[in-house]
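Peer 1: Given next are the chains, with one letter for each unit.
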Amino acid sequence: MPQILVEELSKTYRIAERDAGTMGAVKGLFHRRWRQVEALKAVSFGIAQGELVGLIGPNGAGKSTTIKILSGILEPTSGRCEVDGLVPWRQRVKHVARIGVVFGQRTQLWWDLPVIEGFDLLRDIYRVPQDRYVQARDELVALLRLDRVLNQPVRQLSLGQRMRCEIAAALLHEPPLVFLDEPTIGLDAPSKLAVREFIGRINRDRGVTVILTTHDMHDIEALAERVIVIGGGAILADGTFETLRAGVLAERRLFVDFTGEAPALDLPDVTVVNRDGRQLELAFDPRRIAAPALIARIAAAHSVDDIHVEEPLIEEVIARFYDLHGASEG
Amino acid sequence: MSQALALCPYLAVFAGRLQLTLQYRAAALAGFATQLWFGVIRVLIFAAFYAGGAAHAPMSLTNAITYTWLGQAFLAFLPWSADPEITEMVRNGAVAYERLRPVDTYAWWYARALAWSVARVLPRAALMVAFAGVAMPLVGLGRWGLAPPSSFAAAGLFAASLVGVVALSAAITQLINVILVATMSDRGANALAGSVVNLFSGMVVPLAFFPDALRPWLRAQPFAGLVDIPFSIYFGALAGWSAIGGIALQFAWAMGLIVLGRWWLGAVMRRLQVQGG
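Just so you know, the sequences run in chain order H and U. Using the numbering used here, you'd call the opening residue of the first sequence number 1 and step up by one each time. Using the numbering used here, you'd call the opening residue of the second sequence number 1 and step up by one each time.
Treat the hints as calculated values from the structure; they're not laboratory data. What you are looking at is a predicted structure, and each value in this text was computed from that prediction instead of being measured. Ideal Cβ placement from N, Cα and C applies to all residues, glycine included. Check each hint, because a few of them may be wrong.
As the list claims (entries may be wrong) - Quick partial rundown of chain U residues pointing at chain H, CB under 10 angstroms, derived from the structure:
{"no.": "1", "residue": "Q23"}
{"no.": "2", "residue": "G93"}
{"no.": "3", "residue": "A94"}
{"no.": "4", "residue": "A96"}
Stated by the list, open to error - Quick list of simulated restraints, FRET-style, between CB atoms:
{"no.": "5", "chain 1": "U", "residue 1": "M255", "chain 2": "H", "residue 2": "V93", "range": "18 to 24 angstroms"}
{"no.": "6", "chain 1": "H", "residue 1": "V93", "chain 2": "U", "residue 2": "W241", "range": "41 to 47 angstroms"}
{"no.": "7", "chain 1": "H", "residue 1": "G239", "chain 2": "U", "residue 2": "L22", "range": "54 to 60 angstroms"}
As the list claims (entries may be wrong) - One side only, chain U facing chain H, incomplete, derived with CB under 8 angstroms:
{"no.": "8", "residue": "P9"}
{"no.": "9", "residue": "G16"}
{"no.": "10", "residue": "L100"}
{"no.": "11", "residue": "P102"}
{"no.": "12", "residue": "V103"}
For reference, chain H alone in the conformation it holds in the complex (with noise of 0.2 angstroms):
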């Protein structure tokens, strides 16, 4: 029986809507009209104590609704969902009390205290016996290296720091889940990665089961092992990374750089992207022409200073798989 059960789960909104300008506005007092939206249909999937997993999708798929019904937040419209054998929304606190949330776009902790005391209420707010609470809390502070921001108000504290202390915060309690919902959201490189590496770590060496939603697809690549792709409110995939990106650009490019001018070329299976004084950018499909092949007929009919071959960026991967499915926001 996998930790988190999920089957086919809806939940329908009701949206207020009226006309535009004030007579809009005035219908809108006497008669107002009612849109349904499905921001998920029937979805279903499972998932394993131990597995970090990445939900992502754009902007409206459904992700975030997905997390605040696993969390708790809210009610779905039917469907079943358990998560070790508890429904979120119906056992909400007992729910709630192993699990851990960050939301990177909101915050947790109290504006005006200094983070330690913020950790203090946490440790009260779930009940953690004192000699537990120490512990954890100075392992995070060490792994997440908070010493130095331990007893500045959390106002004062930089936008890296401070997700810090929220990935701090939501695991105080040792939660054997955890919820990420956009955890390196404006961050600068040296933080996200911290951030990664972190989450990882605890994935690694503790089982923690991780949810991760994002947009930087990089934290997918750091990180999950297996992504749920979520659009239009249905699962549109469940795989590795790897079967995704095969799945939907097998696509390569190749980058000749020429001694002199570069020249016009005309090979079967290849087009030319790009051209850019010496060098040529080509997109080549490796099932149709292996590299080595198209390397070697290149090198063989012109002079050529440097060649090198990459793969998509996992942005466009993405982009053409949300395309694909006619998944992206409209």
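Since the structure of chain H is already known, use the hints to place chain U on it.
Peer 2: For chain U alone, kept in the frame of chain H given last:
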């Protein structure tokens, strides 16, 4: 799990909020200055009103003046707006985090509301009592100041009744909070609460000054327990069993509104749609 430990989160949030709010000394001083100013004006108005011949006035000038100073001292007990912290959380969506806490959301917010009102009242009331109850008599203005309670019994009953004020005030604040969460805006709830609370608590005019026919109804409604009942106990207009009855009414309303608020918050939270993100 022991009972003491189970209470822990609520005590923690109460203590935390109390400490934090008590830090705002400038706000307390500014509040005191404003309330002092309005206190003086109200006393002058009462003096003019009684000087114009008030043979049938429902309370003596001394009591009216004491009522005024008590009102100024305990003004911050009046629940005329939603909790600013919760207002902010509703605005920025952090209210979602409140549902991620392994606590009863109603009790959790109630503890917060308690701490908020107590912390704002403590410094203001201490300053006001020191000024109108001690300093004014010392300089020979005792006639215009805050008189002591009418008896020891009245003082004890008043203390009990203040507990009722706190319990009732937090329960009403919670109702405003629920409207805030349901409507996603604090404007409607605050505008409504401000005027209703001011008028029906007896803050603007003591309820005794309302027409005779209305008075039994006014005394029975929940807002009377915020101002009129405790202050009448203070100067002995409500004494003995009627004082105890008044306190019982305060607590009965507090309990009733707590039950209502808790049920209502649950209903609102079930269909809460946290925006965006």
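Peer 1: Determine for every hint whether it applies to the structure shown.
Peer 2: Hint by hint, here is what the structure shows:
Using the Cβ-Cβ criterion of 10 angstroms, the hint placing U:Q23 at the interface with chain H is satisfied: the shortest such distance is roughly 8 angstroms. A hinted interface residue such as U:G93 counts as satisfied when its beta carbon comes closer than 10 angstroms to some beta carbon of chain H; here the least separation is about 6 angstroms, so the hint holds. Here the hint on U:A94 is kept, as its CB sits about 5 angstroms from the closest CB of chain H, short of 10 angstroms. Interface restraint check for U:A96: the shortest CB-CB distance to chain H comes to about 5 angstroms, inside 10 angstroms, so the restraint holds.
U:M255 and H:V93 have their C-beta atoms about 23 angstroms apart, which keeps the hinted 18 to 24 angstroms range intact. Judged by the Cβ atoms, the range 41 to 47 angstroms given for H:V93 and U:W241 holds: they are separated by roughly 42 angstroms. Restraint check, H:G239 to U:L22: a C-beta distance of roughly 56 angstroms satisfies the suggested window 54 to 60 angstroms. The restraint placing U:P9 at the interface with chain H holds, with a minimum CB-CB distance near 4 angstroms, inside the 8 angstroms limit.
Checking U:G16 against chain H: minimum C-beta separation of about 6 angstroms stays under 8 angstroms; hint holds. With a least beta-carbon distance of about 5 angstroms to chain H, the hint placing U:L100 at the interface is held under the 8 angstroms criterion. A cut of 8 angstroms between beta carbons decides the hint on U:P102: the least distance to chain H is about 4 angstroms, and the hint holds. Because the closest C-beta pair between U:V103 and chain H is about 6 angstroms apart, less than 8 angstroms, the hint holds.
Hint compliance for this structure: no hint is broken.
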